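Enquirer: First to last, the sequence lines map onto chains X and L. Residue 94 in the working numbering sits at position 94 of the first sequence, and the numbers go up by one each step. Residue 59 in the working numbering sits at position 59 of the second sequence, and the numbers go up by one each step.
Just so you know, these hints were derived from the structure itself, not from any lab. All figures in this text were calculated on a predicted structure; none of them were measured in a lab. Incorrect hints may appear among the rest.
In the BS3-like style, the derived pairs of lysine-lysine whose C-alpha atoms are separated by at most 30 Å in a straight line are [said to hold, decoys possible]:
#: 1; chain 1: X; residue 1: Lys-24; chain 2: X; residue 2: Lys-113
#: 2; chain 1: L; residue 1: Lys-55; chain 2: L; residue 2: Lys-111
#: 3; chain 1: X; residue 1: Lys-87; chain 2: L; residue 2: Lys-38
#: 4; chain 1: X; residue 1: Lys-45; chain 2: X; residue 2: Lys-73
#: 5; chain 1: L; residue 1: Lys-55; chain 2: X; residue 2: Lys-325
#: 6; chain 1: L; residue 1: Lys-38; chain 2: X; residue 2: Lys-77
#: 7; chain 1: X; residue 1: Lys-73; chain 2: L; residue 2: Lys-38
#: 8; chain 1: L; residue 1: Lys-55; chain 2: X; residue 2: Lys-87
#: 9; chain 1: X; residue 1: Lys-87; chain 2: X; residue 2: Lys-77
#: 10; chain 1: X; residue 1: Lys-73; chain 2: L; residue 2: Lys-33
#: 11; chain 1: X; residue 1: Lys-87; chain 2: X; residue 2: Lys-73
#: 12; chain 1: X; residue 1: Lys-62; chain 2: X; residue 2: Lys-73
#: 13; chain 1: X; residue 1: Lys-325; chain 2: L; residue 2: Lys-111
#: 14; chain 1: L; residue 1: Lys-38; chain 2: L; residue 2: Lys-55
#: 15; chain 1: X; residue 1: Lys-87; chain 2: L; residue 2: Lys-33
#: 16; chain 1: X; residue 1: Lys-45; chain 2: X; residue 2: Lys-77
#: 17; chain 1: L; residue 1: Lys-112; chain 2: L; residue 2: Lys-55
#: 18; chain 1: X; residue 1: Lys-62; chain 2: X; residue 2: Lys-45
#: 19; chain 1: L; residue 1: Lys-33; chain 2: X; residue 2: Lys-77
#: 20; chain 1: X; residue 1: Lys-325; chain 2: L; residue 2: Lys-112
#: 21; chain 1: X; residue 1: Lys-77; chain 2: X; residue 2: Lys-62
With the C-beta cut set under 10 Å, the calculated list includes, among others, these residues of chain X facing chain L [said to hold, decoys possible]:
#: 22; residue: Leu-18
#: 23; residue: Ile-28
#: 24; residue: Pro-82
#: 25; residue: Ile-96
#: 26; residue: Thr-97
#: 27; residue: Gly-168
#: 28; residue: Leu-171
#: 29; residue: Gly-179
#: 30; residue: Ser-180
#: 31; residue: Val-246
#: 32; residue: Leu-249
#: 33; residue: Arg-315
#: 34; residue: Tyr-316
#: 35; residue: Ile-319
#: 36; residue: Val-343
Partner residues are not named here, just some residues of chain X that face chain L (Cβ under 8 Å, in silico) [to be verified]:
#: 37; residue: Asn-145
#: 38; residue: Phe-150
#: 39; residue: Ala-162
#: 40; residue: Val-237
Note that the Cβ used here is the ideal one computed from N, Cα and C, for glycine as well.
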Amino acid sequence: MEFLISLWEALPYELQYLIWTMIKIVAIVLPMMLLVAYYTYAERKIIGYMQVRVGPNRVGPKGWLQPIADALKLMFKEIIIPANANKLLFLMAPAITLAPALAAWAVFPFDEKLVFADINAGLLYILALTSVGVYGVIIGGWASNSKYAFLGTMRSAAQIVAYEIAMGFALVGVLVAAGSLNLGEIIRAQEGGIFSWFWLPLLPLFAVYVISGVAETNRAPFDVAEGESEIVAGFHVEYSGMAFAVYFLAEYANMILISALTAVMFFGGWLSPFQGWPVLGPLFDWVPGFFWLVIKTGFFMFLFLWLRATFPRYRYDQIMRLGWKVFIPITIVWIAVVGLAVVYQVPWWFD
Amino acid sequence: MLENYLPIMIFLTVAFVLGGIVIGLGFLLGTSKPDDEKNSPYECGFEAFEDSRMKFDVRYYLVAILFIIFDLEIAFLFPWAVVLDQIGMVGFIAMMVFLGILVIGFIYEWKKGALEWE
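Chain L with its partners taken away, still in its complex shape (with noise of 0.2 Å):
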């Protein structure tokens, strides 16, 4: 059973190496002459002013919040629905409390304004 998961483990290791090489190959081949202006971020030729890692929108936290609640729903849903043909109507009514109970919820935040963007 866990034998069959050494191959991609193997495969992993390979595809993260192999990103690993290609930017060191970028490092070997490349030229290396940094000087002050070319090294400072971006911002469209002004001087870069304030801290970059500056306040944002609580919005996006909402929505990693919002995420997370239902990211796991899907992954509750997932083993219901392998065997759902096994578990019949008992299982599938189980299953639509639960997401009724979620969709609430969902129904609730769409209600406060969680989800727009003005």
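Chain X extracted, bound-state conformation (with noise of 0.2 Å):
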């Protein structure tokens, strides 16, 4: 032990900060790959029971090692390369798919001090990052020269832009309630119990921002990108083995990215519901907010399977009359309304 410590205060300032770095990404990313398998499982589960099934119970107990064997069988399957494809654009786009749905989290606030980097500009990075994403579908589908993929690709494009106006202006919205981009900053002016949270003054906004992330996600019922009955798999008909599987993973993180960006910008983060309350308030006052925040995501996560379970597949112009026509001018007038509260400094949340 002794002799480790005198070999890491060895090292250069510049190398101990490297390695300290990284150990707080893979902190972050492990925990999150596992989460991601376990989604899939529990996606498998619950909308099996929601249609009266089991769902995968043969590999482990109760089906608990199915991610792992998901996992395996896809690593020894061959990564087929279309001959027309483009080759290298084809390799790259699942990963510049995967790299901003996990660098995301470098900026999100896991507890009160449990952030990664705490910059001013954490929303505005997020949303930076999160449009990046698009265009590992529009590369992967347009590397691909294969014409399902292709009209997948313009599909999922044409999507995932447009809900991304309305998802844009409902973190506006929030910006102007909060009047901060930093995320912890944000979660600071929700504070107060249940109903201080920005959900209320906000309910407009965080119904357009949740259903702008199914559709952001591509998720049912907002999946015509992949429609199975017409154009079998959209963007990512020609992938196999891995690079299929760092899409299906991205798109995973992402979803779980979103459940947790609504949990920090309208459901108050780590911040306890019964906080200030009389008697309920100093009872739940030892849970640590970390346990707050794992609640309220994994609510909106199983909002996620609950939806796909629920609803019928939504007709490509449906969606994009709700994204331009319903969403945009809801959000609109809404961050009028909260710019008018916050000026006039409305008492409960505003003043």
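Take each chain as given, in its own frame, and dock them per the hints.
Expert: Have a look at this one:
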């Protein structure tokens, strides 16, 4: 032990810094990967039970090892590169999708002081990174040089782009209410129990954000991009093996990210729902903030699966109508309302 | 100020490299027996015909153009939103004028049918 400490101290400062940063990155990315793996298991189980089936139950007790088996299987599958594909872009595209889905967690506040990089422009950074994800989709579908992939790309790019605007406007509403781009500050602006959180004054924006989040990640009921009954699998139809697994990973990591961001921006992140209440407040004081964050995030992650099991797929023109003609007007109006409320310092939330 | 962003740059690099490693692992562990049939683009069993980079609906362009306008608008709104409580009513009215002009454009394109998908 002492030898290790002396070895550590002998290292130059820059190297110490780099190693320390790497450890922190691994501490974020590794649990994220595990979470993604078991999120897919939860999805199959939950949707199974919602449809009166059991879901996966063969690999390991109650199917617990199913995601591990899936990952292993994908690892040993051939990665097929189509003959006419643009090889470099074809292989780069999945990584371009995955990188922002993971790196967005860099500014995410897991608890009061638990944040990897506490930057001022946190929300801007997240908005920028989630926008990069669409490049992976476009590049992947284009590089495949296949008709189905191309059609899927066009659809999903247009859809992601349309809902990104609604999402961006919803974020602006949160910014107006919180007065800061820093995610920690946004949470602190919501202090004071469940009714002080932004979901109440920003209710329309909250609804728009969650629904846009589902559309952004191309999940049911907005999954026309991969509509298996018409264009087989959309933009990733030519992907197989690990290249496909990376797309898959990115999609689920994005779902978790959207859930967690909803919890932070509209549901007070690490704050206790009973904060400042007479009896319940002190009673739940000992619960660590991280625990509340996990519960809130978990709820929205469940919502994603619930929506998928409940709703039939939208038609493409319906999706575009919802994005452009419903969400954008709602958000613009509500930004004005929230702006007025902040200027006049309307009590309870903005005083 | 800027040194806060160094770990983020490292994180981004790691995330990108990770994607590369995972795909590389797939190449290392997976089999590789390519043949002509397997490598041809998937078209439900038909021989691929025509070029797959075909003409597509002009509305996708329209969506892209509209996206740029509105995304820029959001970028303008960001700094305004952060300091709104300090600039008060004057700032609010100024931004509403700007938003109003954009909304007029939005109504125009709506009436022109740029948002229709029939």
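Enquirer: Given Gly-179(X) as an interface hint, is its Cβ closer than 10 Å to any Cβ of chain L?
Expert: Constraint on Gly-179(X) satisfied, holds at 5 Å.
Enquirer: Holds or violated: are the alpha carbons of Lys-77(X) and Lys-62(X) at most 30 Å from each other?
Expert: holds, 25 Å
Enquirer: Holds or violated: Lys-325(X) and Lys-111(L), Cα atoms, limit 30 Å.
Expert: holds, 11 Å
Enquirer: Would you settle whether the hint for Ile-96(X) is holds or violated, based on the nearest Cβ-Cβ distance to chain L being less than 10 Å?
Expert: holds, 8 Å
Enquirer: Verify the proposed pairing of Lys-62(X) with Lys-73(X), using a straight-line Cα cut of 30 Å.
Expert: holds, 19 Å
Enquirer: Please verify whether Lys-62(X) and Lys-45(X) have alpha carbons no more than 30 Å apart.
Expert: holds, 10 Å
Enquirer: Given the proposed pairing of Lys-87(X) with Lys-33(L), does the C-alpha separation stay at or below 30 Å?
Expert: holds, 17 Å
Enquirer: Quick check on the hint: Val-237(X) CB to chain L CB, less than 8 Å?
Expert: holds, 6 Å
Enquirer: Mind checking the alpha carbons of Lys-45(X) and Lys-77(X) for me, to see if they're no more than 30 Å apart?
Expert: Since the Cα atoms of Lys-45(X) and Lys-77(X) sit roughly 25 Å apart, the hinted pair holds (cutoff 30 Å).
Enquirer: For Lys-33(L) and Lys-77(X), compute the direct alpha-carbon distance and say whether it is at most 30 Å.
Expert: Given that 30 Å is the threshold and the Cα spacing comes to 11 Å, the pair holds.
Enquirer: Can we keep the Leu-18(X) interface hint, with Cβ of chain L closer than 10 Å?
Expert: Since chain L brings a Cβ to about 7 Å from Leu-18(X), closer than 10 Å, the hint holds.
Enquirer: Should the hint that Val-343(X) touches chain L count as held when the rule is a Cβ pair under 10 Å?
Expert: holds, 5 Å
No hint from the list above goes unmet by this structure.
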